[in-house]
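Spelled out from the first residue to the last, the chains are:
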Amino acid sequence: MKDSSSSIEIREVSKKFGRVTALDKVSFSVKPGELFFVLGPSGCGKTTILRILAGLETPDSGEIFFHGKNIASLPPYRRGAPMVFQNYALWPHLSVYDNIAFGLVERKVPKKEIRTRTEETLRRVGMENLSTRMPGQLSGGQQQRVVLARALVLNPDIMLLDEPLSNLDAKLRGEMRDEIEKLHRETSITFIYVTHDQTEALSLADRLVVMQNGKISAIGTPFELYHRPANKFCADFLGEANLLPGRISGKNGELLIVETSLGSWLAVNSVNSKFAEGTLVECLIRPENIRPYHPGRDTNKFEAVVRSIRLNGSTVTAVLQAGGITLMATLLNEYAVNLKIGKTTQWYVAPENMVAIAEA
Amino acid sequence: MVTKALDIESSMSNIVSFYMRYYSGLLFILIACLPYVSILWHSKQNIQTSEYNKDKEIISIISPHRREVRSEYSRGFHEWILKKYGRNVEIRWLDTGGTSKILKEIESRYATSPDSPGVDLMFGGGIAPYYTAIEKGWLARIDPPKEILDTIPLLCAGAAVYDTGHRWFGVALSGFGILYNKPLIERMHLPVPETWEDLAQPVFQSWIAASDPRASGSAHMCYEIVFQAYGFEKGWSLLTKICANVRNFSEGSAMTPLEIASGQVAAGMVVDQYAETAINNVGRDALVFVLPKGLTIVGADSIAMLRGAPSPALARLFVTYVLSREGQLLLYQSAGKGGQLHSLHRLPVRKDLYEVPDAPSTRPYDFQGGFVYNDMKGMRRWKLVNDLIGIWLIDSHDDLVKAWKKVIYYGMKPEMVNKLCAPPVTTDQVDTFAEQMNDPRKAREIIKQWALDAKSRYRELSGLSFAEIDVHQH
Amino acid sequence: MRTRSNNYIMLIIILVFLAVFLVWPMAYVFKRSFIDNKGFTLFYFGSLLSDPLQLEAIRTSLIIALLVTLVSLVIASPIAWIVARRSFPAKALISGLILLPMILPPFVGALGMKMIFARCGALSTLLMNLNLIDHPVDWLGTYPLFGVILLEALHLYPVLYLNLVASFANIDPSLEESAANLGATPWHVFRRIVLPLSMPGIFAGTILVFIWSFTELGTPLVFGLRRVLPVMIYDSVSEVGTNPAGYAQVVLLLLVAAAGFWISKRLTRSGNNISTLGRLSVSREEKKMSPGTILAVYLFIGFVICLSILPHISVLMVASSKRWFLSVLPENFTVEFFRRAVGSEMTQTALFNSLSLSLCASIIDLLAGFTIAWLCVRRRIAGSALLDTLSMLPLAVPGLIIAFGYMGCFSGLFHDHLTFLNPRVNPMVLLAVSYAIRRLPYMVRAAHSGLEQTSTVYEEAAANLGASPFRVVLRVTFPLIAANLLAGGILCFAFSMLEVSDSLILAQSDKFYPITKAIYALMDSLENGVNVASALGAWGMALLAAALLWASCLLGKRLGQMFRIS
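Residue numbers (my numbering), protein chains in the order written: chain Z, 1 to 360; chain H, 1001 to 1474; chain X, 2001 to 2566.
Hints may contain errors.
As the list claims (entries may be wrong) - Subject to a maximum C-alpha distance of 25 Å in a straight line, what follows is the list of computed DSS-like cross-link-like pairs (lysine-lysine):
{"no.": "1", "chain 1": "H", "residue 1": "1419", "chain 2": "H", "residue 2": "1455"}
{"no.": "2", "chain 1": "Z", "residue 1": "16", "chain 2": "X", "residue 2": "2322"}
{"no.": "3", "chain 1": "H", "residue 1": "1084", "chain 2": "H", "residue 2": "1056"}
{"no.": "4", "chain 1": "H", "residue 1": "1402", "chain 2": "H", "residue 2": "1455"}
{"no.": "5", "chain 1": "H", "residue 1": "1402", "chain 2": "H", "residue 2": "1442"}
{"no.": "6", "chain 1": "Z", "residue 1": "171", "chain 2": "Z", "residue 2": "251"}
{"no.": "7", "chain 1": "Z", "residue 1": "16", "chain 2": "X", "residue 2": "2511"}
{"no.": "8", "chain 1": "H", "residue 1": "1182", "chain 2": "H", "residue 2": "1293"}
{"no.": "9", "chain 1": "H", "residue 1": "1084", "chain 2": "H", "residue 2": "1337"}
{"no.": "10", "chain 1": "H", "residue 1": "1455", "chain 2": "H", "residue 2": "1136"}
{"no.": "11", "chain 1": "Z", "residue 1": "25", "chain 2": "Z", "residue 2": "215"}
{"no.": "12", "chain 1": "H", "residue 1": "1402", "chain 2": "H", "residue 2": "1419"}
{"no.": "13", "chain 1": "X", "residue 1": "2031", "chain 2": "H", "residue 2": "1182"}
{"no.": "14", "chain 1": "X", "residue 1": "2287", "chain 2": "Z", "residue 2": "16"}
{"no.": "15", "chain 1": "H", "residue 1": "1234", "chain 2": "H", "residue 2": "1377"}
{"no.": "16", "chain 1": "H", "residue 1": "1406", "chain 2": "H", "residue 2": "1419"}
{"no.": "17", "chain 1": "H", "residue 1": "1448", "chain 2": "X", "residue 2": "2038"}
{"no.": "18", "chain 1": "Z", "residue 1": "171", "chain 2": "Z", "residue 2": "182"}
{"no.": "19", "chain 1": "X", "residue 1": "2322", "chain 2": "H", "residue 2": "1442"}
{"no.": "20", "chain 1": "X", "residue 1": "2287", "chain 2": "H", "residue 2": "1056"}
{"no.": "21", "chain 1": "Z", "residue 1": "301", "chain 2": "Z", "residue 2": "343"}
Said to hold, decoys possible - Okay, the calculated bits of chain X under chain Z, using three or more residues with CB under 8 Å as the criterion:
{"no.": "22", "stretch": "2055 to 2062"}
{"no.": "23", "stretch": "2191 to 2202"}
None of these hints come from the bench; they were simulated from the model. All C-beta atoms, glycine included, are put in the ideal place defined by N, C-alpha and C.
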């Protein structure tokens, strides 16, 4: 029952606030040293998971394990899982130094050690010159570093991050993202990282869980979830998605044969799903996977009228009209030179890029 | 669905809060209007009391008299002058507190405008303040009709009733005595007090009431009488013990009878009119008033016109009124008679009123003083007595009580009692000190020194241990 | 251009008003205590600090103020913590009741308190009937400060409570959560985070309570304490023209009050910085309590509320009974004293005086308060900061000081002209003005919060459709914040009806007595004066309670803001 190979495990955790269900029997486990993301739109319950892990909320039911130990009954101050709060929660009456040393003082670490560890952490986040400043005198990025340092100084096994980048501007956000990545590389800390930003999740996560309305929608590596999403919500939430409805008519080796309005196409199964013949499905085609037809690619071939063309910079997005269906295609600039609005062109999709997922 | 339910809830609370606002507002207005409506209702029923308002004249009087006395004079004088002269006069009373405060107020007024104090008459406070006022040159001479003066003797029990220079006139006679609460005395097994000396007994510790002479003229009189009845040094010793028995000193002299009547204390030195009023409120079975035989006086409560009075003619008329038959009847008639609302329980100065059938039962002109009360002496040391009592016995009261309790605890050893009660000023020094007290800066120095002396004397006594007492004795 | 000059004209009128009736009296008091006919002198101030009796009075006043502050803290802190952090049934009602003692005047309550603790009064008799004692205990005689301290603490704890609740509730919950998350136990979270962060609010409330109890005149006066600084000042009013000793005493009070005001201003300013740093995060979830704890909370709060209204209930009993002596409850109930309270000439005059004075004061406050708030919130013209500070000043400057200053600077000045300003001739104008000045902060605050909650777009729309600035204020601004103005006005009115220190000092003759002075004058009247005074006082309390109820219905939760220092 105790899977000590996982750093964090939560089982069947439910939580209600009044009549609103925040979490509904949520279970997952996180491996040691993993950078684990909880992703979802606002109100999906992702922050509640974090607060339950930190002990700031008590679940209505369910169990929580840190390194195989059930810690559901421990008060927040004995969980040892420092959290980076979305609004930083830096104590305005304490200096940068005192903010960082706070947890060490609480742990009754000897004075000398507090000093060395705090100074070392200050150096590590590049704040050694600002240790006497008050939080009110710091910029947003500096505040963020202090919050990180405040948690890091404790040498934790587990760190909880609640939308750590949401209060920063675009440039700082990039810097901090690199910083967190570096941290993840250099330490063996298990991170639980909550965010609503899918690019952040896809670019950083070892694994992630996608939440919807208090339930887990999907769980897996970024690659799996982006390319083989288990459901429509996940497909939509993680990036642009074209959905082509169809019906399973048979199998061709590992591939499925799907009857769509554009003809009989070959598709792959999404992770963990097996479709019987005759099932109605939706097929996910990422826009970057629709390519101009060139000979030899005869499966999943179709004709479409170009309705509009939009330049994104290095890529171009074309809106295609095929029969009654509108599809978006993202192409590199060099492939787009021949496109003209109103012109009928031929396209194809590689079967491994067409994912059959259950109809909602 | 949820939003709809919320809408209903919030509109419900809107309705509730509207009614709450409405009714709470109504409640407030109702409460606010209540007394005014009842006053207006009342005045509608007594239309005859509303008078015509033509040519209202104003006379202003500064006085420590209590409210009931003032309202009776307001009414009586108004009716009298309206009937006799057809004039509509209203009295404006100035209330600044007790007699000493009145003297300070008048001084302050003359200081800001030396020609007119803006006040016509000074009324009440005994006799002594009028001597002070004469010395300061504040009083103006008045000559009331001869037929009125003929009814008033010049002396009563050896004390002057009016100034032979006609600058002040006694209006009422006051006896100073002891008021005690009979049920309380019985319940607490205390002796019945009959003389000033009784009040000095240790059993009365914390059971005596007294007022500050610096605030009240009649309180001052009680202390001065003890001084004059026993002589300065014996009087001081007695007063020290009486004051050490006092529970706490009150500002107005009216508080003393109130405290006795409400059972906070058992007895106190009180002027007759207050005692009679309290007796009238609480009942003769509960309160008793005694005049210590041969040890007290009957003094005149006086009136005088101030120099530079704004309306001197009216002031003279008022003096005539208070000495007239009507004005004198006001003093002792019981409530209800002659339109009077309050019984004032005072004694008139007109001797003829004691010779008629329903005369007051007390006869002050037959009273034998037992000693001669010296008004001039009393006036000269007015401030000295106030400050002596005030600094040594009242301001240092806590320390005095502690020392007194210690003295009682050690069985009233004579040397301890003597130390406690030694007069700070010898009889010979009284006159020089009395003189010095009138110089503010010098007085300040003396007072400061006394405060220190008193404290160290009482602290020394209360700090003594038993062993030290023994050493003292042998 | 014209509207701007109009703004400045209004600003100047109000500044002049405040300068003459608020600043000048204080400056005059300073001048008189340090300058006599021989020039600058420290004699009077020096003698104040070297005279043992004066020192004793100062010491007694300090002891009273310190103990009142301490007792208020002990009462207010747990209640404030529970109200700020816990949820329990009927919380709204209870948190309203907690404020009740604040508006019940201690001056009146002292009358009732004296009856309860009298030597042969209710408590002594009760204990004797229970055979717990055989001799009546002289509570107030033995411990003369006890009554004053208890009564003032029970009156002032809501002030502290309001400040405490606000500071406890304003702390961003994530600041505490992060501390717990980093290993701080609940007690450490309180000590290291909550306490330091709420310190400015706690200090501000504490200082306010300290100043108010240090300068309270009415309560010690009713209890018959002469040796306290405010009462000594009151006693020296009659010498205001001749003896500068009183001025020195007032200056001492003023210095203490000013120091307190300055400190709390500084603290709340740094407090503001702290609160702006905390970005709005999760809203605080109030914890639930076990039924046993809820019962204990009810019992404690109920006990405090009962204790604080007990004196006032006792006032009602004194007002409606003839005899309360050697019995637990009074005997011989009667309505006679209520009849006499509206029947005698003095009380009738007093009732009408107070009515007209309070109406005038409310109208002055309405106009001045709205204008000040409007200039500060909507116009923000130069000088509005000064205006804001000045208009808040009366919160910290006791009425005693202002009234004493009026006596000093207006009584010697006008013999021939402007006599209506001479308090010795006719104090009515000064009384109305002093009431208005005393309550101005409440009105400014009420208007302030109204204006801040009302968006300017309504006014801009009206201006856009052709309304002149004056018409905009009249047709849009005024109606929009009418509830706030009404609530402020009601409170100004009701408080003015029972204003103590200004009334006692300024009204010197019967004809000009307001209700409070009539109550004071009646108290030592031989003929059941205490009962009649209590009848008047009981009515006054009912009026104030109704005023608070109405104002809270109009303002809801925002009512509490009016009584906070920041």
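Violated hints - listed by number, lowest first: 2, 5, 6, 7, 10, 13, 19, 20, 22
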